[in-house]
Amino acid sequence: MDVFRTVIIAAQHVQMARDEAAKFEGGAGMFTTELSPSGLAPATAYISSGYISDALAAALSQADISEEPPFAAMARLGLKLVQETV
Amino acid sequence: MLGMTDLSLSLRSRLVGPAAPAVPYDPSSLFAAGETGVWYDPSDLAMMSQQAGFTQAPAVGSPVGMIRDKSQGTAFGANINTATVPFDVSNDGVTNTPSPTLCQVQAGKSYRVVVTISDVRGSGTVGMSFNVAGHWSNMVSAGFTSQVTSTTRYVHALVDGALTFTADGADVDNTISAVTVEPMPGYQAFQGTAASRPILRQDAGNRYYLEFDGVDDGLMAAKIDFSASDKISVFAGVHKATATINQCVAELSATRASTPGAFTMFAPGGSAGSYQFLSRGSADTGAALASGFAEPITSVISGIGDIAGDTCTLRVNGAQVAQGTADQGTGNCANQPLYVGRRAGASLPLNGWLYSLIVRGTAITAKQITDTETWVNGKTGAY
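Those sequence lines, one after another, are chains A and B. Heads up, the first sequence is in my numbering, so the first residue is 51 and it goes up one at a time. Heads up, the second sequence is in my numbering, so the first residue is 1056 and it goes up one at a time.
Keep in mind that the hints are not guaranteed to be accurate.
[Unchecked claim] Far from chain B by the CB rule (all over 10 angstroms, computed), these chain A residues:
hint, residue
1, V57
2, A60
3, M66
4, L127
5, G128
[Stated by the list, open to error] To spell it out: a stretch of chain A is covered by chain B in this simulated footprint if at least three of its residues, at any positions, have a beta carbon under 8 angstroms from a beta carbon of chain B; those stretches are:
hint, segment
6, 72-82
7, 94-107
[Claimed, not checked] Label-pair restraints from in silico Cβ distances:
hint, chain 1, residue 1, chain 2, residue 2, range
8, B, P1351, A, T94, 25 to 31 angstroms
9, A, T94, B, R1256, 30 to 36 angstroms
10, A, L90, B, A1077, 38 to 44 angstroms
Since the hints were derived computationally from the structure, they do not count as laboratory data. Since the structure is predicted, the reported quantities are computational estimates derived from the model, not experimental observations. Don't be surprised by glycine CBs; every beta carbon is placed ideally from N, CA and C.
Based on the sequences and whatever the hints tell you, model everything.
In C-alpha cells, the structure reads:
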C-alpha cells in the first residue's frame, strides 16, 4: 500500500538511503533535493516527499519520516531548499 | 413583405444550404500535418496512469506516473514483436529462449506490452521484466500472479536498443502464449520515482490539474526531435503558488543555458511576481520576462520562440507582455528530453499546478496562438 510521506535524511546517510530505496519498486531516484539551514550550499540534508510504499517507508530507518507536507517538515527541522543558480 | 435581406438569405439557403455549425477548436489541429510536439491534458483521466509502467488510471488525490501525449492521436500502433511464442515458463524461467529479443525500440518512444498467460499449472507468481539498455528498470519490471491471464505494461525507452523479455516462473509452470509490443504515438511524460510523481487534483471550478510540490516532483519525456524547425511554441495553464524565483514549468534539455535550440518556461522567472520564457539558437540570448503577476496566481502562459527571426515572445492570458529581440544565433530547435515541473528532474522545482501543456515545433499563426490560448484557458479558468 502506498502512503504519503515526507522523508528527510542527513547528508552523511544519503547514499545509504538511496541504495536502500532503490531496492523497492519506485524507490530509485529518491533524495536528490538538497537542504541546508541557510538555503545555501553545501547541503546538510536531502528530502523526498510523496507517495511511497509502506515497506519502503519502513526501511528508511535513519531518516526523519512524517506525514507532514514537505515545507512543514523542513520548517520543523529548520531547513530550507538549497537555492540553485539558473 | 420580404426585404432584400430575406431574399438574399433565402437564395443562399437554396444554393449552398444553411451555414455549417462552428466546430469547436481542438489542439489536435496543431499537429494534423504531423508537426512535432506534445499535448498533455490532465483533464483527460484515461490518458494518465498512477505509475509509469502500469495502466491503472489515477483518481483525484492519487499520484500520476505517466501522462500520455495526445498530439499524434491515441491509437496504438501495430504489434512489432518478432519473437516466436509461446514461451514455456518454468522454475527455470523462459525455457525455450532465455531473454528473447522482442523487437528494436527507439529512444524517446514508449510501448504498450501485453502478455497473455495460458495453460496455468501453478499457484505462485510469475516475475517478468522488459529490458533495454538505458531503460529505467523499476518502470519496466513487474511481477504478476499466475492467475492473471493477461497483463499490460508500458515500457519507455531512453535509448535505441533491443527490448528483451525475461520471466521467472517461481513455483509455477505456465505458458506465455502471446506477447505483443505496440508503439504508443507521441512522447509520453513519465516519472519512475514514486515520491516524485505529481498529484492529480481538482480546483474549486472542478478543473483537473497536476499538483507539483515544489520539492521533488517532475515528469520527463525522454527525447523529442524538434530539429526540423527553428520555431517553437509553448502553451501552459499554470497556477504558481509561491514567489520563489526560477520555478521550472517546462524545459527542453537538461539545461537550456548549455543546449543550442532549447527553451525554458519559468513561473516565476528571475524575479518574484514574474513569468519568463527563454529560447535560443546557437546563442543563449532569447529572453522575455514580464512582472506584475504576484503569487499566488493562475494564468495561461505562452512562449513563442523564433531563432532565425530573433524573437522570443511571452504572452499571458491572451496578450503579449514581453518580447526579446536579441540575436539568437543560428540553427534549429533541439532534439532533447522535455522536463516538466523540474529542471533536468533535479532542480528548480515548480511549486504549483499544471492544467495543460502544449509544445509545438514549426511556425504558428496568430489565430492558432489565440485559439490555443482560449482552449487552454477553458481548462485553466485564468481569465
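Verification of the supplied hints:
Not every C-beta of chain B lies more than 10 angstroms from that of A:V57, the closest at about 7 angstroms, which undercuts listing it as non-interface. Against the 10 angstroms criterion, A:A60 stays outside the reach of chain B, whose nearest CB is about 17 angstroms from its own CB. For A:M66, the condition that its CB be more than 10 angstroms from all CB atoms of chain B holds, with the nearest at approximately 17 angstroms. The claim that A:L127 is not at the interface with chain B holds, since no C-beta of that chain comes within 10 angstroms of its own (minimum 14 angstroms).
A cut-off of 10 angstroms between C-beta atoms confirms that A:G128 is not in contact with chain B; the least separation is 16 angstroms. For the segment 72-82 of chain A, the stated coverage by chain B is satisfied: 8 residues place a CB nearer than 8 angstroms to a CB of that chain, which reaches the threshold of 3. For the segment 94-107 of chain A, the stated coverage by chain B holds: 8 residues have a C-beta nearer than 8 angstroms to a C-beta of that chain, and at least 3 were required. Taking the beta carbon of each, B:P1351 and A:T94 are about 29 angstroms apart, inside 25 to 31 angstroms as hinted.
Our hint of 30 to 36 angstroms for A:T94 and B:R1256 holds, since their Cβ atoms are close to 32 angstroms apart. For A:L90 and B:A1077, the hinted distance range of 38 to 44 angstroms is not satisfied, since their beta carbons lie about 56 angstroms from each other.
Going through the hint list in order, the structure does not satisfy hints 1 and 10.
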